[in-house]
Amino acid sequence: MSVAVVGAAESELGVTGKTIMELQTQAITGALADAGLSLADVDGLATAGVSRFSATQVADYLGIRPAWTDSTFAGGSAFEMYVARAAQAIEAGQCTTVLISYGSNQRSARSRSLAGVLEPHTPETEFESPYGPLYPISYYAMAAQRYLHAHGAKREDLAEVAVAAREWALLNPRAYRYEAGPLTVDDVLASPMVSSPLTVADCCLVTDGGGAIILTSLERARDLRRPPVVVLGYGEATTNTGMASAGDLLEPGSIMSGRRAYAMAGLGPQDVDVAQLYDSFTITVLLTLEGLGFCGPGEAGDFVRRRALPYNTNGGGLSYCHPGMYGLLLLVEAVRQLRGECGPRQVDGAQVALAHGTGGILSTHATVLLGVDR
Amino acid sequence: MTPWWEATREGRLLLQRCEGCGHLQHYPRALCTGCGGTDLGWQESAGRGAVDSFTVVHRSPSPEHAPPYVVARVRLDEGPILLTNLVGDADWHCDQRVRLAWRTLDDGRRLPVFEQE
Ligand SMILES: [Zn+2]
Numbered sequence: 001m002s003v004a005v006v007g008a009a010e011s012e013l014g015v016t017g018k019t020i021m022e023l024q025t026q027a028i029t030g031a032l033a034d035a036g037l038s039l040a041d042v043d044g045l046a047t048a049g050v051s052r053f054s055a056t057q058v059a060d061y062l063g064i065r066p067a068w069t070d071s072t073f074a075g076g077s078a079f080e081m082y083v084a085r086a087a088q089a090i091e092a093g094q095c096t097t098v099l100i101s102y103g104s105n106q107r108s109a110r111s112r113s114l115a116g117v118l119e120p121h122t123p124e125t126e127f128e129s130p131y132g133p134l135y136p137i138s139y140y141a142m143a144a145q146r147y148l149h150a151h152g153a154k155r156e157d158l159a160e161v162a163v164a165a166r167e168w169a170l171l172n173p174r175a176y177r178y179e180a181g182p183l184t185v186d187d188v189l190a191s192p193m194v195s196s197p198l199t200v201a202d203c204c205l206v207t208d209g210g211g212a213i214i215l216t217s218l219e220r221a222r223d224l225r226r227p228p229v230v231v232l233g234y235g236e237a238t239t240n241t242g243m244a245s246a247g248d249l250l251e252p253g254s255i256m257s258g259r260r261a262y263a264m265a266g267l268g269p270q271d272v273d274v275a276q277l278y279d280s281f282t283i284t285v286l287l288t289l290e291g292l293g294f295c296g297p298g299e300a301g302d303f304v305r306r307r308a309l310p311y312n313t314n315g316g317g318l319s320y321c322h323p324g325m326y327g328l329l330l331l332v333e334a335v336r337q338l339r340g341e342c343g344p345r346q347v348d349g350a351q352v353a354l355a356h357g358t359g360g361i362l363s364t365h366a367t368v369l370l371g372v373d374r
Numbered sequence: 001m002t003p004w005w006e007a008t009r010e011g012r013l014l015l016q017r018c019e020g021c022g023h024l025q026h027y028p029r030a031l032c033t034g035c036g037g038t039d040l041g042w043q044e045s046a047g048r049g050a051v052d053s054f055t056v057v058h059r060s061p062s063p064e065h066a067p068p069y070v071v072a073r074v075r076l077d078e079g080p081i082l083l084t085n086l087v088g089d090a091d092w093h094c095d096q097r098v099r100l101a102w103r104t105l106d107d108g109r110r111l112p113v114f115e116q117e
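Going line by line, the protein sequences match chains A and B. Each residue of the first sequence is one higher than the one before, counting from 1 in the working numbering. Each residue of the second sequence is one higher than the one before, counting from 1 in the working numbering.
This is chain B alone, in the form it adopts within the complex (with noise of 0.2 Å):
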């Protein structure tokens, strides 16, 4: 279990951070996409950001993504990018505002989404 995964489990969101140039990256690495060293903490991110672009999926890829729901790209605030769900009833639109919520995972981990700031 890494500390990214870790950390959800107590609503806390992650970024990595260099300790060389300061570049913080999602995913987490071995080493800094930055600068290429290998000396990483984290850093928790506030949850704020905007949609950078979204795609409501129609056809369910497996039993357990029930249609439709919304796939997105959230710039977060403090710069990297993630993959994530948008939740909640919204006329989402690119550059749209957002901030951090949770789905809770069987085994209790948790998975960052976003809603509606």
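Chain A on its own, in the form it takes in the complex (with noise of 0.2 Å):
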């Protein structure tokens, strides 16, 4: 693989009071600043969640007129994607320079909705909305219970998975939870249930938020002012929009996204040094660790217990950040843990970071190797 990750910054989080288009500049321009490049350099250009033209509408907002854009729409995990197309372009040769980025105030905004965004020509919203499941956490949550009773699971396994959450963000000062002190098993059980047996602690953060990086050839990455990260492989898997559609909840896409990922890398579970996982409930991350071949069905409750792995090192969605869409922000932890700069939270001597995104209702599944350059 011959492309790598030069720049990476974040953008206000929190509640900001800032426009999706302000929180994207300061992410933008801070990971142009990163890379020691400008907007001139930038001829491809990836994002979503902007408008129905998302990658068009931040090209005219820039001021740019890019050779290479996408704005595949794939929930949380369409970051993960981008870098796969990304390089692609690349090494084909379409565009030089990828910058790939999200912003959203949804805190800010209030624009989130119990039922999600309804579509009236769709099949759920015909077949499903009826029945009111809470989009999207009714489906993890049944995907939740369904997990405790085929693997006898407590709720504790569940609950635990928020406890590491918060453990790291205590180690950083950008995170939400940050001053929030430790949480433990028995205040997440005893939080308020929404959709059970998922509580509100079970849930990723409601924030505002952004991110930025960007990409380019690893010949060229090496005379840029960060070490490079290099892209080590991708791999996707796309499954279901209904609730209905998966025949077996305890077997979700990220088992073939890793697959794909850890086969283009020539790697596997075991060269993984730190990983950062789309945490949007506490049930995504056991799953997700048992898909990526970190452990076998049913251990990831004591996997977890035991921090067998470092992952989500900036405190998760759970605890950090989680505007809405996360999956860049698994990005920029992940460059950031391979170029050691993160200080308390540091992972020693990372050399290969795994970054899986998770869009929709485990709808959309994107595995992204990374590693230091050799």
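Heads up, a few of these hints could be off.
Claimed, not checked - Pairwise CB distance ranges, derived in the manner of DEER restraints: (1) A:Thr122 x B:Gly37: 14 to 24 Å; (2) A:Met1 x B:Glu117: 47 to 57 Å; (3) B:Asp107 x A:Pro123: 12 to 22 Å; (4) B:Glu115 x A:Met1: 51 to 61 Å; (5) B:Leu31 x A:Asp271: 38 to 48 Å; (6) A:Pro269 x B:Glu10: 32 to 42 Å; (7) A:Gln88 x B:Thr33: 51 to 61 Å.
Please keep in mind that the hints were generated in silico from the structure rather than gathered at the bench. Given the structure is predicted, the values throughout are model-derived calculations rather than measurements. In this text, a Cβ means the ideal position worked out from N, Cα and C, and glycines have one as well.
Starting from the two chains in their separate frames, assemble the complex, guided by the hints.
So this is what it looks like as structure tokens:
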């Protein structure tokens, strides 16, 4: 693989009072400064969640006319997919320098709805919304209920994921819960139930936030100011939009997206030093750890309790930031870990990082493996 | 009004059946997800199945839903899975046997829900 990440930045996070474009701009200018590049260098652009013409909209706002864009909409996994598409575009010679960006002011704008976004023409609106599922949490709740039943697991196994996320957040000054103090399993269990067995504390935050990364060829990356973070492999899987479509709630697309990424990189789960896993809900982490082969089916609760792998080292969507779609911030933290910039939360000697995005209701999955330049 | 919804007025739960390969599916589509064929008919479900999973919803997504209520995936004995509600008092658990019941909508259509067998 011959493409590298050369710049990464967050925008303001939390409750910002900023617009989507202002947050995008903060992240984009931050990532360009980090890379030592300017807007004039950017000839590829990928983004989502801005408008119907998301990449076009951001290109207009920035005053650039890119040779390549992508606005594939796949929820929180889109940004991991953009890394794959960007690597392909750069390797194919369609563009040289890709900016991937995201920004959301969902907290400040109060734009989040418990029912999700219902589009009248979809089968889900006709056949599923009459039953009143919360979107997306009720789907994850059913996956969690099935998980507890199939594996004899307990709500404590779910809660431990939120506890572990908080431990990392207490090491990250940018985390929304940085000053919130430790979380206990009992706190999670006593938190108000939203869609059983998931409580408020089993759910990710609702915050503003954004981020950006810059990719270019590895050859060029070696001349830039930051140590290159090499794209080692990627894989995707797209499975369902309906809540009744998946035959087995415990076999999410992460199984296949992970296998595809590992195969491309010539690596396996044992080679991963640090992982950034989309933690929309606590159950998402248990299913993803198992799907990506870090442990066997039903073993993730114990795996998390043993703190067997450093993952979600920024505090994750549960305790750091969750701006509607969190996928880009997974990549930012993976890059920083491989550059050794993470201070008290740094995983010593991290050589290989995995970022796994999950979109919708376990609908879309994309796994990216990143590594230091050897 | 599709035949599927029309049948609910008579208390019949239809599954779409592929005339080419016999595959049964829900929700109704213009093609068979088993073989890609487009010659499709209907088969009435016996209305028996098992709870694949469920969740008790404690916050309402809209005024017509008053929590708490139970959203579930029910796996019909014929194979297809439906998103539905579980109704009646029960200590719900996965794999529990359930049978078809109906909730009448304002326009006379009926919504298939399930109760403990
Ligand atoms: Zn067929």
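Hint-by-hint comparison with the structure:
Distance hint for Thr122 (chain A) and Gly37 (chain B): a CB-CB separation of about 23 Å, consistent with the stated range 14 to 24 Å. Look at Met1 (chain A) against Glu117 (chain B): about 55 Å separates their beta carbons, and that is inside 47 to 57 Å. Distance hint check: the CB atoms of Asp107 (chain B) and Pro123 (chain A) are about 19 Å apart, consistent with the given range 12 to 22 Å. At about 55 Å, the beta-carbon gap between Glu115 (chain B) and Met1 (chain A) stays in the expected band of 51 to 61 Å.
Checking the proposed 38 to 48 Å range against Leu31 (chain B) and Asp271 (chain A) shows it holds: the Cβ atoms sit about 42 Å from each other. Restraint check, Pro269 (chain A) to Glu10 (chain B): a C-beta distance of roughly 53 Å breaks the suggested window 32 to 42 Å. Between Gln88 (chain A) and Thr33 (chain B) the beta carbons are some 29 Å apart, a value that contradicts the proposed interval 51 to 61 Å.
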